[in-house]
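Student: Here is what each chain is made of, one letter per residue.
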Amino acid sequence: MERSDGRKNDELRPVKMKVGILKHADGSAMVSIGKTIAVAAAYGPRELNPRHMQESDRAILQCNYTMAPFSTNERVRPGPSRRSVEISKVTREALEPALFLKDFPRTTIDVYIVILQANAGTRTAGINAASLALADAGIQMRDLVTSIAAGKVNGHCALDLTGEEEEVTECDLPIAYMPRENKFTLMQMDGHITKDDMKHVIKLAVKGCETLYEHQKKALLEKWSKEGFE
Amino acid sequence: MNFQKKYIMSHISKGMRLDGRKIDEHRKIHIEINPIEQAEGSAKVKIGDTVVIVGVKMGVGEPFPDRLNEGVLMVNTEFSPLASPEFELGPPREKAIELARIVDRGIRESKCIDNEKLCITEGEKVWMVMIDVQPISHDGNLIDAAGIAAIAALMSARMPKFDGNKVVYEKTDQKLPMTHDMPVPVTCAIMEGKLLVDPDLEEEEAMEGRLTITTTADGKICAVQKGSVGSFAMETIEEAIELSIKKGKEIRELIKKSL
Numbered sequence: 000m001e002r003s004d005g006r007k008n009d010e011l012r013p014v015k016m017k018v019g020i021l022k023h024a025d026g027s028a029m030v031s032i033g034k035t036i037a038v039a040a041a042y043g044p045r046e047l048n049p050r051h052m053q054e055s056d057r058a059i060l061q062c063n064y065t066m067a068p069f070s071t072n073e074r075v076r077p078g079p080s081r082r083s084v085e086i087s088k089v090t091r092e093a094l095e096p097a098l099f100l101k102d103f104p105r106t107t108i109d110v111y112i113v114i115l116q117a118n119a120g121t122r123t124a125g126i127n128a129a130s131l132a133l134a135d136a137g138i139q140m141r142d143l144v145t146s147i148a149a150g151k152v153n154g155h156c157a158l159d160l161t162g163e164e165e166e167v168t169e170c171d172l173p174i175a176y177m178p179r180e181n182k183f184t185l186m187q188m189d190g191h192i193t194k195d196d197m198k199h200v201i202k203l204a205v206k207g208c209e210t211l212y213e214h215q216k217k218a219l220l221e222k223w224s225k226e227g228f229e
Numbered sequence: 000m001n002f003q004k005k006y007i008m009s010h011i012s013k014g015m016r017l018d019g020r021k022i023d024e025h026r027k028i029h030i031e032i033n034p035i036e037q038a039e040g041s042a043k044v045k046i047g048d049t050v051v052i053v054g055v056k057m058g059v060g061e062p063f064p065d066r067l068n069e070g071v072l073m074v075n076t077e078f079s080p081l082a083s084p085e086f087e088l089g090p091p092r093e094k095a096i097e098l099a100r101i102v103d104r105g106i107r108e109s110k111c112i113d114n115e116k117l118c119i120t121e122g123e124k125v126w127m128v129m130i131d132v133q134p135i136s137h138d139g140n141l142i143d144a145a146g147i148a149a150i151a152a153l154m155s156a157r158m159p160k161f162d163g164n165k166v167v168y169e170k171t172d173q174k175l176p177m178t179h180d181m182p183v184p185v186t187c188a189i190m191e192g193k194l195l196v197d198p199d200l201e202e203e204e205a206m207e208g209r210l211t212i213t214t215t216a217d218g219k220i221c222a223v224q225k226g227s228v229g230s231f232a233m234e235t236i237e238e239a240i241e242l243s244i245k246k247g248k249e250i251r252e253l254i255k256k257s258l
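Chains A and B, in that order, are what the protein sequence lines are.
The opening residue of the first sequence carries number 0 in numbering that gives the first Met the number 0; numbering runs sequentially from there.
The opening residue of the second sequence carries number 0 in numbering that gives the first Met the number 0; numbering runs sequentially from there.
For the record, the hints were derived by calculation from the structure and aren't laboratory data.
Some hints could be false.
[As the list claims (entries may be wrong)] In silico lysine-lysine, DSSO-like type, Cα no more than 30 Å apart, as pairs:
no.	chain 1	residue 1	chain 2	residue 2
1	B	K193	A	K34
2	B	K193	A	K22
3	A	K198	A	K15
4	A	K15	B	K256
5	A	K7	B	K170
6	B	K13	A	K225
7	B	K4	B	K21
8	B	K256	A	K22
9	A	K15	B	K170
10	A	K22	B	K225
11	A	K217	B	K225
12	A	K222	B	K45
13	A	K22	B	K13
14	B	K256	A	K34
15	B	K27	A	K22
16	A	K88	A	K22
17	A	K216	B	K45
18	A	K34	B	K165
19	A	K222	B	K27
20	B	K27	A	K15
21	A	K17	B	K27
22	B	K27	A	K34
23	A	K15	B	K45
24	A	K22	B	K4
25	A	K15	A	K217
Whenever a hint applies, use it, and build me the whole structure from the sequences.
Tutor: Here is the structure:
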C-alpha cells in the first residue's frame, strides 16, 4: 500500500533525539518524530512537599504533559484539559515500571513534558523523551521505555500514523514497551478491528519500538560518551 | 551585601563580569525563524543558555466594544517547570504575567502591527493575533528573549485564510500588516548604580533592581518596566535609555538578518 508520505507500512517517520538540552534540569531530552516535537525535563529524586504526599517506603513519580498553545492548528487553551490529565496519568504509569522507586523513600521524581508541535503521536513522543530525560538525570532504570502507535489505514495495518492518516484511521493503538524486558507498560486503543488485526498492529508497534530503542541508546551515548561516562 | 553580589561587584569594579563579558555586552544571541511549522509564525531565541520559543496563532473573533475596527492582540506566557526548577505548575503567577505584559506593551505601543488592517467586518469579525511565549530554559533575562522572539515571530508570520465562517489553516504568502518599527526590549540589572546589560541568572539573583526599556527603530521609547526591589537615581535612568537605544539598534539588525 502506498502511504500519503511514501512510507512503507512498517516504517517510522524521520526520528531525531537529543539528550541534555536544558541547563537547569537534572535530565532532559528532545524527541521529534515526523512533525511532532516533544521536550522533556526530569528532576529528582528530590524532597517532596507537601509532606502528606510522601510515601514512607518509596519515591513517587509525578508526570505532567502539556501542549504548547501554538502546537496545533487551532490554538490550545493553556491549562489542564481532560485529555492532558489522562495523558499525564498514562505517561506516569508507562514510566513507573522502569524505575526503582523503593530506593528513594519520601522523595519525588518529576517529569515535565511539553509538546512544541503536534502531528499525531504526541503522547508516545513524550514518553520517549521522558524516558531519555530520566536516564540523562542518572536515575537508575530497568530499561528505557520506548513508545509508538500503530493503526489501520485504508484496510492496511500501518506503523506511526501521521495526523492526516489519523483522521481516516480505523484503529489507533499506542503502546509503550521495554524492549530488553519484553514488557508493555502502556496500551490504549480506539477503533474497531478484529482480534487478528489487533495482534498484527501490536506486533508492528513493537517493531517500531525496537527501532526507537536504538535511537534512544545512540542519543544517550552521544552525550555521555563525550563526557567520559560511557 | 551577600557573598554572590560581593563577588560579582569585585569584578565589575575592574570592568568585567564573571563570564568575561563587558558590562554593556549581551551574551551571544541566536535567532531561529519558524521552528514550529504549524504556527502562523514562530521564533526560537537563545541568549546564552536562556531559550525561549514564541508562536503566533491567528483566529477570528469579535472586536473590543471600544475598538470596533481593530484586530485583537493577546500575549500569554506560561512558565513550565521544564525551564527552571524554580517554576511550578499551575496558572501563570506574577512573574509570568509581568513578562507577558511587558512584551504586550512593547508591541501594542510601538504600533508595529497595523491593527485596522486586521478588521474583517467592522464591529463583528476581526483577526485575533495570539502570541504565546514558551520559555524552554531560564538562565536569566527571559524578558529580552521573549520580546525578541515575539517580534521575530510576528515578522515571519503568514496569515491563514478565512472563508467567511471558519479559519482555514493553510499557509499563504500574505504577511501580517507589520510596519518595520520593530520594538526591541533591552533589560539591565542594576547593582550599586552600575548597569549590567542582559543579566544572566547569577546576576539576576544578586541584582538590586532591573530596568527594561523597549525602543523602536526611530529611537523612540515605547515601554518601560522597573522590576525588583532596588532604587536608583536619575543618572542611572538616563544611562539606561542611551544603552537601550544603542543595543536595541544592534538587536534589530540581528533580527532583520535572520528573517
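Student: The structure should be examined with respect to each hint, and the outcome stated for every one.
Tutor: Hint check:
no.	hint	verdict
1	B:K193 to A:K34	violated, 46 Å
2	B:K193 to A:K22	holds, 28 Å
3	A:K198 to A:K15	holds, 28 Å
4	A:K15 to B:K256	holds, 28 Å
5	A:K7 to B:K170	holds, 28 Å
6	B:K13 to A:K225	violated, 36 Å
7	B:K4 to B:K21	holds, 17 Å
8	B:K256 to A:K22	holds, 27 Å
9	A:K15 to B:K170	holds, 25 Å
10	A:K22 to B:K225	holds, 27 Å
11	A:K217 to B:K225	violated, 47 Å
12	A:K222 to B:K45	holds, 20 Å
13	A:K22 to B:K13	holds, 28 Å
14	B:K256 to A:K34	holds, 26 Å
15	B:K27 to A:K22	holds, 16 Å
16	A:K88 to A:K22	holds, 27 Å
17	A:K216 to B:K45	holds, 27 Å
18	A:K34 to B:K165	holds, 24 Å
19	A:K222 to B:K27	holds, 23 Å
20	B:K27 to A:K15	holds, 26 Å
21	A:K17 to B:K27	holds, 22 Å
22	B:K27 to A:K34	holds, 28 Å
23	A:K15 to B:K45	holds, 20 Å
24	A:K22 to B:K4	holds, 22 Å
25	A:K15 to A:K217	holds, 11 Å
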